[in-house]
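There are 2 protein chains.
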Amino acid sequence: MGVHVLRLDHRPARDKRVTSHLILAARAFGASGATYTGQRDPSLEGSIRGVASDWGGRFVLDYAESWRRVVADWKRRGTVVHLTMYGLPLREVVASLRGIASDILVVVGGAKVPRDIFDLADWNVAVTSQPHSEVSALAVFLHELRSGEELDVEFEGARLRVVPRAHGKEVIERLGGI
Amino acid sequence: MGVHVLRLDHRPARDKRVTSHLILAARAFGASGATYTGQRDPSLEGSIRGVASDWGGRFVLDYAESWRRVVADWKRRGTVVHLTMYGLPLREVVASLRGIASDILVVVGGAKVPRDIFDLADWNVAVTSQPHSEVSALAVFLHELRSGEELDVEFEGARLRVVPRAHGKEVIERLGGI
Numbered sequence: 374m375g376v377h378v379l380r381l382d383h384r385p386a387r388d389k390r391v392t393s394h395l396i397l398a399a400r401a402f403g404a405s406g407a408t409y410t411g412q413r414d415p416s417l418e419g420s421i422r423g424v425a426s427d428w429g430g431r432f433v434l435d436y437a438e439s440w441r442r443v444v445a446d447w448k449r450r451g452t453v454v455h456l457t458m459y460g461l462p463l464r465e466v467v468a469s470l471r472g473i474a475s476d477i478l479v480v481v482g483g484a485k486v487p488r489d490i491f492d493l494a495d496w497n498v499a500v501t502s503q504p505h506s507e508v509s510a511l512a513v514f515l516h517e518l519r520s521g522e523e524l525d526v527e528f529e530g531a532r533l534r535v536v537p538r539a540h541g542k543e544v545i546e547r548l549g550g551i
Numbered sequence: 374m375g376v377h378v379l380r381l382d383h384r385p386a387r388d389k390r391v392t393s394h395l396i397l398a399a400r401a402f403g404a405s406g407a408t409y410t411g412q413r414d415p416s417l418e419g420s421i422r423g424v425a426s427d428w429g430g431r432f433v434l435d436y437a438e439s440w441r442r443v444v445a446d447w448k449r450r451g452t453v454v455h456l457t458m459y460g461l462p463l464r465e466v467v468a469s470l471r472g473i474a475s476d477i478l479v480v481v482g483g484a485k486v487p488r489d490i491f492d493l494a495d496w497n498v499a500v501t502s503q504p505h506s507e508v509s510a511l512a513v514f515l516h517e518l519r520s521g522e523e524l525d526v527e528f529e530g531a532r533l534r535v536v537p538r539a540h541g542k543e544v545i546e547r548l549g550g551i
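Sequences listed follow chains A and B, in order. Numbered per this note's numbering, the first sequence spans residues 374 to 551. Numbered per this note's numbering, the second sequence spans residues 374 to 551.
Wrong hints could be hidden among the right ones.
Since copy identity is lost for identical chains, a pair holds within one copy or between any two.
Below, in silico cross-link-like pairs of lysine-lysine (DSS-like), each with a Cα-Cα straight-line distance of 27 Å or less [claimed, not checked]:
1. 542 / 448
2. 485 / 448
3. 485 / 389
In case anyone wonders, no lab produced these hints; they're calculated from the structure.
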């Protein structure tokens, strides 16, 4: 089961850092890619591609004008999960979600979420019914969906790699070559 | 074991939404309060207090000028955990962390983290060794620390409460009274 994230309604002036954090969380917690709608933002795209290039793995970032088209295309070939505090509690549905055989599109709203996404989604899932953040909701959702195994994933082809330490920082840089 | 979050170096112009998301995630995932340093931001404080008032529970938000003083005070009475991608992998240390009897201060950096926090912290913990977001790192950390039980916490005294639904939105508003 592969996971792709759809971020709705990005507005560069207001959302730059939140959308960037959201997409980096998608990558770090094992999604294979993300699509964003709203205003196109070359600076966002550049910074995500920079991270993906430095830190390895395969992660695809796309832009789409119409979220409805992305969702409609996806419904023909996979399952659409919308993260919302109004949905069903994660703990009640996670076992069913882990059993989904198809790829999953995880839809994450911006400030205002169009009402029809609640009906278009196959699942509306709440990561707590409290207001917090699409970044934390997505990360905990992916973490639960993968049963924590995403934490052990290796990002192949990285130029930079952290050597975990109890104190201090250590980063190994792979120099060019074959 | 109670958990308090320390957010370093808030800058309102750049960080408003990220700090707000971070503190809301602290609350939603079971921390009892948060302190932030950097520039004081009355608008941030108002929005967090508004959420806490509407959605219930007890959550205390404080401001401090000196993060060093907060950490030094805390070290006399509890354990200091610093979340950083350079630290020890969460999965390797979470069992030890769950066994801590004292309260825990979880330190979460801003854009630039002072180097000495790595030495002052009792634990430097990495929620993946990949770059993502302090919001996702904090949420997954608290989720693991509480073994997911924070998802079942009731927030007492809430004015607003979500009724989980497979599709659509339902919120119950408690009207005034005794």
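Evaluated hints:
no.: 1; hint: 542 / 448; result: between (44 Å within a copy, 22 Å between copies)
no.: 2; hint: 485 / 448; result: within (22 Å within a copy, 42 Å between copies)
no.: 3; hint: 485 / 389; result: both (16 Å within a copy, 18 Å between copies)
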